[in-house]
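Q: Below are the chains, spelled out letter by letter.
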Amino acid sequence: NAGVTQTPKFQVLKTGQSMTLQCAQDMNHEYMSWYRQDPGMGLRLIHYSVGAGITDQGEVPNGYNVSRSTTEDFPLRLLSAAPSQTSVYFCASSYRAGVGGYTFGSGTRLTVV
Amino acid sequence: AQSVTQLGSHVSVSEGALVLLRCNYSSSVPPYLFWYVQYPNQGLQLLLKYTTGATLVKGINGFEAEFKKSETSFHLTKPSAHMSDAAEYFCAVRGDFGNEKLTFGTGTRLTIIP
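Listed in order, the protein sequences are those of chains A and B.
Take 28 as the starting number for the first sequence in this note's numbering and just add one per residue.
Take 19 as the starting number for the second sequence in this note's numbering and just add one per residue.
Hints are computed from structural coordinates only; laboratory data are not their basis.
Just so you know, even glycine gets a beta-carbon here, dropped at the ideal spot from N, CA and C.
Hints are all accurate, no fakes.
Computed from the model, here is a short list of chain B residues facing chain A with C-beta under 10 Å:
#, residue
1, V22
2, Y50
3, Y54
4, K67
5, F108
6, A110
7, L120
8, G125
Whenever a hint applies, use it, and build me the whole structure from the sequences.
A: See the structure below:
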C-alpha cells in the first residue's frame, strides 16, 4: 500500500546511545519532514527536506541529524540520546507546495531512560 | 512566519450536539490550511484542507470548515457529534510560497458525552 512507513514502532534507549529512525515513502513525494509530538505542545518540526540531497533545520533540530540520499528515504539519527528526546516521532511527506496535503507515518514511540 | 492558535485544549460535547473546534492562523501570504485527526495511539489522518477556491470545505466523517480571511480563522464543525469522533484534532498552516513547512497548533482533545 502506498504511504509513509516508519520503523521501528517502539524503541527504548539508554542515555547516550545512538539510533536511527527510518522513514520511507513510495509516492514520489519531494518534500519529507520529521516531527516530534509531546503532550500539550502539538507537533514540532525537527528537520525537513525538499528533495534528494537537500535538508534544513526546523524548530527543534538540536540532537538530531538527517540526510536525504534518495527521494524515498529520510532517516532521522539521534546522536547521543537524552531523556528529553523521549517523544513520539512522526515522518510526513508531500508533493512540493503541500497542495495535496501531507501524508503521515504511524509514528515511532521512543523512550530514553 | 506562520503560526496557528487552537482555542481550547479540551472540548466536551454531548452525543448528537454540534461540534465546534476553533483555529486561528497567522500567515503573511494566502495560506493553505489543514485539519488533522489523531485517534489514540495512531498517526495523523487528514480530515480536510483549504488551498484555494471555495471557502467552505467538506471533509471526511461529516466534518467541514470555513476559511474566513477577515477573521484569520478556519474553525472545524460537525452538526451532530458521534461517539467515534472522540480524538485529538490538530489545525495546521502551510504559509509562505515555496516554504512547504507545516506548522501545527497545540491540538484540541474532543470528548463525547453519551
